[in-house]
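Enquirer: From first to last, the protein sequence lines are chains A and B. Just so we're aligned: 323 in our numbering is position 323 of the first sequence, and the numbers increase by one with no gaps anywhere. Just so we're aligned: 283 in our numbering is position 283 of the second sequence, and the numbers increase by one with no gaps anywhere.
Bear in mind the hints are in silico, worked out from the structure with no lab data behind them.
A pair holds if it fits inside one copy or across any two, identical chains being indistinguishable in the list.
In silico DSS-like pairs for lysine-lysine, Cα to Cα no more than 30 Å straight-line:
(1) 72 x 345
(2) 35 x 224
(3) 167 x 72
(4) 254 x 224
(5) 72 x 346
For clarity, every value in this text was computed on a predicted model and none was experimentally measured.
2 protein chains.
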Amino acid sequence: MKPTITTQPLVNGDRLNQNIARLATIGALPNGGVKRIAYSHEDLQARNLVQQWMREIEMEVRIDAAGNIIGKYPGKHAAAPALATGSHIDTVPCGGHYDGAYGVLAGLEAVQVLKEHQLQLNRSVEVIVFTDEEGSMIGSKAISGRVINDPGYYRRPDGTDIYSCLKAIGGNWDSLATARRSSQDIAAFVELHVEQGPILESMNKQIGVVEGIVGQRRFNITVKGSANHAGTTPMSMRHDALVAAARVILAVNKIGNTPGQQVATVGKMQVLPNAANVVPGWVEMSLDIRDLSSLHIDSLLEQLRTYLEEIAVATNTQIRLNPCLHNEPALAEPQIQSAIARCCKKLNLSYTYLPSRASHDAQEMAQVTDMGMIFVPSEMGVSHDASEYTSPEQCVRGANVLLQTLIELDSELSK
Amino acid sequence: MKPTITTQPLVNGDRLNQNIARLATIGALPNGGVKRIAYSHEDLQARNLVQQWMREIEMEVRIDAAGNIIGKYPGKHAAAPALATGSHIDTVPCGGHYDGAYGVLAGLEAVQVLKEHQLQLNRSVEVIVFTDEEGSMIGSKAISGRVINDPGYYRRPDGTDIYSCLKAIGGNWDSLATARRSSQDIAAFVELHVEQGPILESMNKQIGVVEGIVGQRRFNITVKGSANHAGTTPMSMRHDALVAAARVILAVNKIGNTPGQQVATVGKMQVLPNAANVVPGWVEMSLDIRDLSSLHIDSLLEQLRTYLEEIAVATNTQIRLNPCLHNEPALAEPQIQSAIARCCKKLNLSYTYLPSRASHDAQEMAQVTDMGMIFVPSEMGVSHDASEYTSPEQCVRGANVLLQTLIELDSELSK
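Isolated chain A, as found in the complex (with noise of 0.2 Å):
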């Protein structure tokens, strides 16, 4: 039986698919790509666009010390807690431009659809750009009460300190503190982001409902054994460490295939001495693991601990294994997700539920108030490259799941 149609108001799809590619001009690569560096003069030009549109459709604009643009389309109730949703306008050095912009774009052409049909929420519908998503999370980390106190951590990479850092996108490093936010002032937050995977186009859907943020674990695996001439040394006397780290390799590999929706990588690895006529006597690797159950990740860890004890015993090594990373599963409220499904059906758009595996402002956001988010497909999975793309149609998809997200949680939470 087909849904019925909602009479609900929908997004001008041409206005924010202009808006999206008109944000991407700049900072535009030759090869299509987006370089908008957090604070660079690039941030700074778009930044000042965003914050015009949101005065454009007479939204209350507001930084904060950390720098995120606050946009607020009052509600009906000013003192009730908001409604928020928002992301990033900052890139990776080659990215494309849909990561983060999107989900801002979209933020605003709700509001203006909102403004539009005069529909005025009970509570008001913050519109927050994030500072530095692509970095340190800064932004959002000062919302949640997390950024770590020590300037010299937030130093970047060009050496630029944070105090001058925030100083130009009209923050205050020293009164950081009063970016911290709560679920007294913002009920629930909901960000819409492209996939930046490829589940969702291999499963043909069309929204991902998202489950949470998965928990992250790194950890440096060493595996000391012995270098010796790799021709003078018989096999069966070898302390071959590159050989037990292959097995370590399909280990992890091993726990990441078992049933689950894990993934376990050993993406980066050093041999030494790395000659060719030399067995060798030292690997180092590292150990990435993500779930949204750290329950789950414990019980997968158990298990490589074991494999690790096994295979440095058989190929005479030790290996040890020191974490370096430990980053909790931001879980999403399970009514937000349920109110995104229903937006879905109403809107006659197919959808599955997800966990995102990378790391998003709403991550920190969930440490505030009550988080969800609303994921569209990146062909072909890639993102933080030039390629990244979403098709205008499965933009305006999105971007109608959030409007109608933001309205029916209104409605909700005024019961």
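We have chain A; now place chain B onto it with these hints.
Expert: Using the frame of chain A, we list chain B on its own:
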């Protein structure tokens, strides 16, 4: 039954070990090692000392166009092809006291003992000090006629050209062809050397009768996958070049561990892009495989190629095996092996047959004439290091086997 004690002459062990220690003072390093790079000031000093010692025992000394020092103890039949022994006195940048030097000094000691016993053999005995064994092996290659006809190829790492190098040690690039020898003037060549591996020590044998110097093939293996986000790319959709490479390493290890005396090693590896959060898209690694039988290497490579094809299919990657070095094995003459073994028995020394898996000047001499090699144990199998060690007792045992083998071959060849 205990073998009859030989009445044959024996070397003067104290003198031999004193000479080894004396030579090791030239280029001595603070850590106990020796640095005597070919053509260096230290190499020249050592060459002068060895020539002085040759003259002191009344050998006829000449330097050929490749800078090889050739000391001759004339035999009864001056026109008959000579018996030759020798090795090298240059070292790696941080070498030990024994590699090369031991074989040269044991050769001189053998001649001195023959003279002291007024034992003139039928054939002349030559002791050859080969030029630059640790580098280009130009000395023995000039004797075998296998020098590459391109002076640029022999340029030193420090930029010095081969003309001036050879000139400094009394050689001459332009007349290199005159250094060539044949079985018409060398009837047999026997090199005494430290094993540089752990086999004799682990088998508790005093002498190694070398079966030949292994052939060596070297390849560059490339694995092409697809670099992708380590978070957003599901396990099932990866083309992980490092997972494929791990399976290649284990396949190489597997063929190395099949029955036989081969060794097979992946010693060098590079991963791209080599970042913890990116699925590796490209891996390049070395393969080094060595065995006494070229046919056996062929069949192992055939097996490996089958494995590589299976791995490429299973991992959705492309794997290429590109040859970059091909050295044929150099077999020791069975008659010389038997002569060495008989001498061990006469001297009541334990011995075993084994291949040499490192390169030696003897492999070039095998192109010229019948070749044999005698090994003595290397403590812990260590070589090319300051800690390289062979006990004085073992040095004496090996030198006695060399002396006896020269006498034995002289007598055999006169039959």
